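**Student:** Please build the complete structure, drawing on both the sequences and the hints.
Residue numbers (my numbering), protein chains in the order written: chain A, 5 to 521; chain B, 1070 to 1616.
No lab work stands behind these hints: they were computed from the structure. Given the structure is predicted, the values throughout are model-derived calculations rather than measurements. Built from N, CA and C at the ideal position, the CB exists for glycine as well.
List of simulated lysine-lysine pairs, BS3-like, C-alpha gap at most 25 Å: (1) Lys-394(A) with Lys-1191(B); (2) Lys-1192(B) with Lys-391(A); (3) Lys-250(A) with Lys-1198(B); (4) Lys-1607(B) with Lys-1528(B); (5) Lys-1191(B) with Lys-250(A).
Part of the chain A face toward chain B, derived, beta carbon under 8 Å: (6) Ser-95; (7) Arg-214; (8) His-215; (9) Gly-216; (10) Ser-223; (11) Thr-253; (12) Ala-336; (13) Tyr-343; (14) Thr-353; (15) Leu-381.
Per label pair, the in silico range of CB-to-CB distance: (16) Gly-1365(B) with Glu-386(A): 33 to 41 Å; (17) Leu-374(A) with Asn-1459(B): 49 to 57 Å; (18) Leu-374(A) with His-1429(B): 42 to 50 Å; (19) Gln-1420(B) with Thr-44(A): 35 to 43 Å; (20) Asn-1186(B) with Gly-80(A): 49 to 57 Å.
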Amino acid sequence: QVSAALREGQITPTELCQRCLSLIKSTKFLNAYITVTEETALKQAEESEKRFRRGQPLGVLDGIPVAVKDNFNTAGIETTCASNMLKGYISPYNATVVQKLLDQGAVLVGKTNLDEFAMGSGSTDGVFGPVRNPWSYSRQYKEKSAPKSHPEDKEPEWVIAGGSSGGSAAAVSSFTCFAALGSDTGGSTRNPAAHCGVVGLKPTYGLISRHGLIPLVNSMDVPGILTRCVDDAALVLGSLAGHDPKDSTTIQDKFKPFELPNLPDVSKLSIGIPKEYHAPGLSSEILALWSKAADLFKSAGAKVIEVSLPHTRYSIVCYHVLCTAEVASNMARFDGLEYGHRSATNDSTESMYAATRREGFNDVVRARILSGNYFLLKQNYEHYFVKAQKVRRLIAQDFGKVFGSGVDVLLTPTTLSHAAAYAEFIKEDNRTRSAQDDILTQAANMAGLPAINVPAALSERGLPVGLQFIGRPFQEKQLLTVAKWFEKEVKFPMIQLEEVKRHDHGAFQHQKSASFS
Amino acid sequence: MAAAASRGCGGVWRFAWQRGARGPVPAPRGQRAVAFNARGGVVQPEKCGLAPWVPVVGLEIHAQISSNSKLFSGSQVQFVAPPNSLVSFFDASLPGTLPVLNRRCVEAAVMTGLALNCSVNKKSLFDRKHYFYADLPAGYQITQQRVPIAVNGSLSYSVCIDNKMSQMVTKTVRIKQIQLEQDSGKSLHDDTRSQTLIDLNRAGVGLMEVVMEPDMCCGEEAAAAVRELQLILQTLGSSQAVMAEGQLRVDANVSVHHPGEPYGVRTEVKNINSLRFLAKAVDYEIQRQIEELENGGTILNETRAFDSKLGCTVPMRDKEAKQDYRFMPEPNLPPLILYDTKSLPANMNHQQVVNIDWIHERLPDLPSVKRAKLVEQYGILPEHSFTLLNEDGLTEFFENVVTQTQMKPKKVIGWILKDLLSYLKQHSLTVKESPVSSFLLADLLNLIEKKEISSTAAKQVLSELWKGEGKTPLDIVKEKKLELIQDQKELEEICQAVIDGQENEVMAIKAGNRKVLNKLIGLVQRETQGRANPVLVKQLLEKKLSE
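**Tutor:** Take a look at the structure:
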């Protein structure tokens, strides 16, 4: 809709960019951004404006403000991974996905906050502090939560944004940009999307280039897309997907961008409900929402069947082994020599390495490196790493069998419950939290499948909850069609951000339209 | 000659004792006599009753792939370039960069695998090998630990017995595998400023690691095997394989044991940068181990460095010798799939696939084939064919001369090996640097063939030609008046004069001592400054003496 507004001249790219920038300022307390690229953004907007004036915009993304998670390389703009290790690091090159966005005329407004090196599920463990969920400041949450939970407090406790792409989710949710890039290794795009009430797409592994994404787990990482509606996600996907000669794991086949039907039809589809996703700790609210959603599909004529993915329960432990092993390997390059933090300790190369890594990485990163190296030791390799890989294959085969039996899309919850209050969340350590929070999402990464979070409803406390659809590999069109149909059915409410309203009436007017498609 | 392709080596080394008053005392290193039988027979221990030792030598050879760009990045590969001028973002391990396999490196490895009779794996895998070192920016090396690109090959090479070129034995060493891997950068330690400087120009250059089974038994064999490999790599163009430039690096695994017993504990000798040092290092290490064991000591499984100045191996104080490399599959590279004509998918872009059969058909003649062809085509001795191939460019030089002269190749080879090569060696020149071109040498040899000059005169001409003053052989012949004396009368007079002046010799000849005739021929040659036809001189002298 904004794209159309730009084309029709109702608003100029510069105006749009300025409004986003001023919203970023007024929502600074959310801590969604690590770097705001005001100057370059305005320059890009100006360029875009010239193109519009000439009547030659580059495409639907031209002039659209976007944000990028701070683990994607951006030439000339700091890329920190929310770590002391890369504080002040300015990359000399753009990640392929960033380059593609810029080539389409998108306006980069900033780099978003995350857990250090994307290790976490709350966006609470980065060196720049936690991201606050915009819904903490919504009228909906305040009305439903404040009087009950903390009658003596004026304001209810703020809740986490989810993670690790919490900054991106919060940025999209609070209208400071129209789309944001996240990354998804075990659920890092879908989890914050669920908590912040936005759409979070994790495409099939190999569909989008990882070149320039600072890796967490190379064999599972996928750039994720966060938007306010499913159509937007499809558009961004269309501009990012396809083979990249710089990433040998991207598919060779040409990717055809697609548009979703206006009136999606699910009546001929078969929706699978994997029983193993009825996991311990699943809130009754979400369980109810899940079966309500299944009923919706049923009443629309779709076949809804219960299916089994028997190896699901082993997935999270194996994910942990494979994840930490690759982390140990990927983090080996941060030694303070070529780039990044270097300790002042210089007794020997070894002591400099040790001090650099101790000072540069937080406890979470160091703990994962330690356990990863343990799993990779010669005496443990077979017992842990190889076993985990075998189970990974079994998990992928589970999905293959279900899809082979005629199921088109799987429907599951995205999270066990709505977002936790920050004070509650940090009571548990990162490892425990990640194990709980990734439980419903990481299996799709293990199998490389596309999955999407669609906001479904508000919880009793007025916080968003979402459901996840998992599709066949490279069948994003089908997956997104189902997601769009569901989105239309549930009519997820718009966030009512009083702060935003107070600060910026004009911008809110336009951005109320939310989507740019 | 022993049977060709005798696998392994039965050579046996004995420890030689110097007997002193206080019992056996080991001889000083380097002076010890070593009994070694290259024919593969076991040398029986002598009366002292000492069991013989069997040395076992295996090699790990890293050959830098000759390619314009690195194994996984687009940076240039050059030997001489300003430090850190050939470094891509990937080579410097900038976060977020990914490896992209260089097709040329794969082809070079396939060629090498085929030339070494390996079976080339249609599917091979890449792994990460982790260790922290300043010139390894990523903290791991990408290599092929689980499934390498080529396995189970063999290499035939020849060694000569007792240093005689005329007695050569063909031996075979099994090739365990060839794997593709990245080279590291270079560390330069500045001890005075206690700094280490890093040059990443070499980081990420493609290497082929050739692993040779422990089928060798002495330094000479190891050096001969590596020399043959070097020739093969250079013939294929898969590596320039110049040891001095580090394009070929050899590590030797050495152990000794008694016959019939399991292999001994082995040591790894590194830091060997020439073939001569390889032979020295291996032999030294064998001696050292025998001495150690004979003295009741034990051999440690350790890495030792060869000190070329001292001519010995010393333990490397390497804390990381026992480290765990924590191998892991490289997740950013899909399996490397190769095709043959049968398995080649029809719709594949030929630019994107590597076809093993296609490469096989285009392999150039390997050194062994080239040698056989030389022997057959030119009728030269097998050992001469070895010399021709061992010197870079010498075969081409020889063949050029042969095609430009009427002289028989069998005679040409003498001029090439005795005159050209020894001159070049004396002056430390390569064939390419020779001041006398194949054209000039052919010219000169033609003068001999046309009986215009004698070979003695030809040598004089050659010594003028070395000066490289741009004169032709004919110029020099004319200038120095070296033409054969065609006038028989003139020659007869000279012969007569010599006979007249050497009464004693003439008496001796007439008494039946024919050998003295050669002295007279020599005197005639001196008189004519080599311008006389020796055959004619001999005839004339004989005729005159029998008168």
